[in-house]
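Undergrad: Sequence:
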Amino acid sequence: MIDKELYLQHVKDADLKHLLVKALDKTENVLRTHDIKTTDFLNPYEEKAITNVLATFENINWIVTGGYQEAERKIIIIFQDYLSVDDIKIPLTAVEITRNLQSKDLNHRDYLGSILSLGIKREKIGDIIINGNICQVVIQEDLKDYVVYNLDKVGNTSITVREINLKDIKPLIISYKDLCGTVASLRLDSIVSLGFKTSRTEAQALIAKERVYINWGIANKNFHELHTGDIISVRGKGRIIVDEIQGNTKSGRIHVKLKKPI
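Taking full-length UniProt numbering, the leading residue of the sequence shown gets 1, the next gets one more, and so forth.
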């Protein structure tokens, strides 16, 4: 039996703790039965936490995949290390949703909401990639027929759905706009205030409500110091990236350049 408490004792995030328990249960099953087990889709923060745990076990190997190279949301396939990676089947596929070019534009939330309305849980869905009137969605393979035969509208917009091969996924080319300004410090609340054009007080309220994430992990401390490359997300408002820390003004404020997807 795996001593789960040994791995959980320093984890404060309840959602992450739940995911780690599930991953440890799967690992225990793999060690006992020599079966192959797969997690649900994970964000990069969750993925790192679980693979760090898996690395402590002898005789365990794993594959991390989101169906295509640039994927953000991924699954972890756990198996005993005597098995060859080449023998492991990736249980993912993708569906392509097409709307009429004359219909109104649809966004990530529209597509996700319509799939969730079928009774499918968020953790069963990988990346959602929108290119014009076409949306490609990575999903667990056992859900493909259900989605193809039951999803006929996104909101009030009629659509068509078909399965596609993972190799036919077209990664999204993301454009960014620069947000430049000065801050008194590199504290989280200061950067959130600059990047999302809100007051420090409002930024602190968002952090207190656990609506702010750093590199996909919940951030609940206003004074958390940020660094180049950090990704800050605010639920319902999008994300920004700390692109450059450019030095100080004469008054001691710090020049920063942020990037925001457009």
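Since the hints were derived computationally from the structure, they do not count as laboratory data.
Here a beta-carbon is modelled for each residue, glycine too, at the ideal position from N, C-alpha and C.
Keep in mind that a hint or two might mislead.
Label-pair restraints from in silico Cβ distances [claimed, not checked]:
#1 Asn165 x Asn220: 38 to 44 Å
#2 Gln80 x Asn220: 19 to 25 Å
#3 Thr228 x Glu123: 39 to 45 Å
#4 Ala55 x Asp87: 41 to 47 Å
#5 Ile231 x Val85: 28 to 34 Å
Undergrad: If a hint holds in the structure, say so; if it does not, say that too.
TA: Hint check results:
1. Taking 38 to 44 Å as the suggested C-beta distance range, the pair Asn165 and Asn220 conforms, at roughly 42 Å.
2. As the Cβ distance of Gln80 to Asn220 is approximately 38 Å, the hint placing it in 19 to 25 Å is violated.
3. In this structure, Thr228 and Glu123 break the distance hint of 39 to 45 Å, their C-beta atoms being roughly 31 Å apart.
4. Distance hint check for Ala55 and Asp87: the Cβ-Cβ separation is about 21 Å, which falls outside the suggested range of 41 to 47 Å.
5. Restraint check, Ile231 to Val85: a C-beta distance of roughly 29 Å satisfies the suggested window 28 to 34 Å.
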